[in-house]
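There are 2 protein chains.
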Amino acid sequence: MTPVMLTEQELDEIYTFAVQLGKDAGKMLLEAAQLRFTGTQTADLEVEEKDSSVDIVTKTDEDVEAFIKSSIEAKYPHHKFIGEETYSKGASRSYLVSETTPSWCVDPLDGTVNYTHLFPMFCVSIGFIVAGRPTIGVVYAPFLNQLFTSCRGRGAWLNETQRLPLIRNPIPPMPADAPSGCVFSCEWGKDRKDRPDGNLYRKVESFVNMAAEVGGRGGKGGMVHGIRSLGSATMDLAYTAMGAFDIWWEGGCWEWDVAAGVAILQEAGGLVTSANPPKDIETAEIQEVKLGSRLYLAIRPAGPSKTETGREGQERTVREVWRRVKALEYARPGA
Amino acid sequence: MTPVMLTEQELDEIYTFAVQLGKDAGKMLLEAAQLRFTGTQTADLEVEEKDSSVDIVTKTDEDVEAFIKSSIEAKYPHHKFIGEETYSKGASRSYLVSETTPSWCVDPLDGTVNYTHLFPMFCVSIGFIVAGRPTIGVVYAPFLNQLFTSCRGRGAWLNETQRLPLIRNPIPPMPADAPSGCVFSCEWGKDRKDRPDGNLYRKVESFVNMAAEVGGRGGKGGMVHGIRSLGSATMDLAYTAMGAFDIWWEGGCWEWDVAAGVAILQEAGGLVTSANPPKDIETAEIQEVKLGSRLYLAIRPAGPSKTETGREGQERTVREVWRRVKALEYARPGA
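These protein sequence lines map, in sequence, to chains R and G.
Per the numbering used here, the very first residue in the first sequence carries number 172; after that it's consecutive.
Per the numbering used here, the very first residue in the second sequence carries number 172; after that it's consecutive.
One or more of the hints may lead you astray.
Unchecked claim - Here are the simulated DSSO-like cross-link-like pairs (lysine-lysine), alpha carbons at most 27 Å apart as the crow flies: (1) G/Lys497 x R/Lys364; (2) G/Lys497 x R/Lys391; (3) G/Lys391 x R/Lys361; (4) G/Lys477 x G/Lys450.
Rather than coming from a laboratory, the hints here were simulated on the basis of the structure.
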């Protein structure tokens, strides 16, 4: 079966539609959050705050996904829709992004814990995929008033006016001694089992290798410039596209967590490959990540230095990260 | 010597002045950052990006501090001024906050690494201290357009319109099983020495205890709801005052990193004490932190539950954190 091809004009129209959809959905998220500021909802409920806030978040999540889904179905009835809520409740957990049918990959609310606690790092994430490739990305964080958008061939943007990455005359090369000098973004995630070889310990060992002084940790010390954890894979990717984060490394995300962010990062000039080091770190080909692999390593857009191209600097950084991280265990049910 | 007392009217005037000063200083930070977006400065310099960005940041830091200092000296010539840049270059490193003279405690740019990389979590931080107590706090993060302000007795505010904490009808109690259910904010910091008993390993052990599943880590597993690292002590405190973070635990900060944030958090109803556990964790009196102690544990504003007051819930949370963290080693030179 041949993938459906879209004309440039069709793509423009879909992009305009997706951006408006993101703005409207983000507004819904913020309005639901603001009801909690004023206590309109919580005060009415005779339950503990924790329970009530979880209920409100679940309902908001479902309402926003239903709004996005119905809007897409009305406008593009032949497109496929993959949403977090829809998928979580479905019987199948196999890989769902279509290679042939244009697909929407949507997380109505990424950063759910942040939303529950009203930490501003939450967003709606809308990705549009053509022939298996992330093609349009819309990420809107309404509490921060930050809108990230991209469409293949049309650039990646912050608030529709500032092109990504932000520093671009020239775009800085990767530091010569990366990961030193880099801001490293990572997340602790939900798998916190106290198993010696579990993901928690694999992550912590990796974080400490990236953090420790150069020469420390048996030569693995990366002395990154800073370590950041925001609690939202989508925001991590958006800030990597912006150039604010140099490296993002994570396992466990699903395709709706990353589809829009990957589209934006790739369009900005970033690289996304697998979190887990291959057998031959020094020579392995650095492949583009497969959406749905659940293992991600992202490098920011990079310009050339006097001795290497931007891509060479990114690939060098990938290998330096792989030297320092442990493989993570995130299987795909049904895959 | 008796501390200088200020009338309520004098305090109102100083508060108005401090808020405007924060807005103006934040604008300077953002304008200097925007020069980097467009490449006006970096393109002119024949040096590596890393070096040039550090130069720009240092210059901005100094310019903004000089602006704040001269504005204060012109308006309040008898007040004391303690600024990061001034202090770092001074001969004395002893404790400088005065118990008698009203003092300004200023960090012109908190989150310097973030500013260098253009990650939005940077801010100007202006604290005003009367009789040794943080009395006014102004924190402005211009890239986020978030202004946090407080004055003793006048409430703490986001953007001058939304009272802190944000959820306040009612203000939620601390979770019954805290730190479970809490968002835990912490920083990796600059001390990354590969010493088995150094601060890096003390922090990591503490982080893992807070993160791990309940029952794990020999009973210390705290299963916090999320772990966040922003790279700015001031922003950590501001978001704790907002209620977005439940717990902030950190060592190494200086008084200008925290003076404004502590003022805002305390006025919002939060608690700030020492990061390091006392000998008798279960019964030790929970004392208010001394500015300049370099060891901080902050708990968000909390309302009462059916079984305890807000303060009782905060103190219970403090003891639960102390049970899980290692003492940090941050001495005060000259103290």
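Hint check, failures only: 4
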